[in-house]
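**Student:** Starting from the structure of chain A, add chain B where the hints point.
Each chain is listed here by its residues.
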Amino acid sequence: MCEEEKAIPVSMVKALAGFEQTNDYQLKKVPGNHLFFWLESADGPSFILTKPAFFFSDYKVEAKLGDLEDLATRGEQLEVYAIVTVPEKPVEMTANLMAPILINEEKGLGCQLVLHDSQYTTRHYLFPPEKRRHCG
Amino acid sequence: MLILSRKPGESVVIGENITIRILQVKGDSVKIGIEAPRETTVHRQEVYEAIMQENRAAAKVDKDIVSLLPSKIDE
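One line per chain: the protein sequences are A and B, in this order. The first sequence lines up with residues 956 to 1091 when you count with our numbering. The second sequence lines up with residues -19 to 55 when you count with our numbering.
Simulated from the structure, these hints should not be mistaken for lab results. Hints are not guaranteed to be accurate.
[What the hints assert, rightly or not] DSSO-like cross-link-like pairs, simulated, lysine-lysine; straight-line CA separation at most 27 Å:
1) A:K984 x B:K(-13)
2) B:K52 x A:K984
3) B:K40 x A:K1006
4) A:K983 x B:K52
5) A:K961 x B:K52
6) B:K52 x A:K969
7) A:K1044 x B:K43
8) B:K6 x A:K983
So here's chain B without its partners, still in its complex pose:
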């Protein structure tokens, strides 16, 4: 892993199109700004992993389940 020291206001450039700027350091929290092309998705890692995990869990659905789905909200 490449490790760099940066101060608030300073940036790191990744490739040609991605810039990460350190905006604020406060206690144990760092605020960063990310500029990236639209086709590059940027997520908090734990959020991305939660969504990937949930998508995979949801895709395991059995086709026969439809007979068990309620067709009205108040039954």
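Extracted from the complex, chain A is given alone in its bound form:
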């Protein structure tokens, strides 16, 4: 529980929309929590991330190889994260599945990919309606 979580430096190959002033972030686990991560920049924004696979088992990211050229070469692994928006009632938190964050953890590179022609939106509830009604 108390062990210091190691941070991975992540340099965005393209700035995140709305945050053009910084490209340098640190990725670390939320202590004691396997589902969420922090993506923080020193002087800029901080985001909570999750891995869509935890909550959306059929989530798929399709991209052309050319779109990922700056991020990874063939055979390198890319981790898929989604930015989580936490509203006043945390149980109504949503994940942005339309624009996932892809991270090459080995090289410390990341980018927000826009899934142009997918059915995903910027707000997918992480929890089902039953749970959202009872909690928070």
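**Tutor:** Leaving out everything else, chain B in the frame of chain A:
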């Protein structure tokens, strides 16, 4: 705003590296093809704005929120 008339198959060149070609006009919809360098991002405007808005909303997160995050999916 510069306004140009183009027919399907014709193009517009912006700067040295960006070409926009009109591919098809069908009813009230125009299909365009865009060639741009990799470092130039191209998005549908409403999509770009939605993502920017959501990024900004997500960045407003309070650091203390972590204590409220579930650590298991089925609680």
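**Student:** A separate judgement is required for each hint: does it hold in the structure or not?
**Tutor:** Results for each hint:
1. A:K984 x B:K(-13): Given pair A:K984, B:K(-13) is violated - Cα atoms ~53 Å apart, limit 27 Å.
2. B:K52 x A:K984: holds, 14 Å
3. B:K40 x A:K1006: holds, 20 Å
4. A:K983 x B:K52: holds, 18 Å
5. A:K961 x B:K52: It holds: about 21 Å lies between the C-alpha atoms, which stays within 27 Å.
6. B:K52 x A:K969: Not satisfied, since the Cα-Cα distance of roughly 33 Å exceeds 27 Å.
7. A:K1044 x B:K43: At roughly 15 Å apart (the allowed maximum being 27 Å), B:K43 and A:K1044 satisfy the hint.
8. B:K6 x A:K983: Not satisfied, since the Cα-Cα distance of roughly 49 Å exceeds 27 Å.
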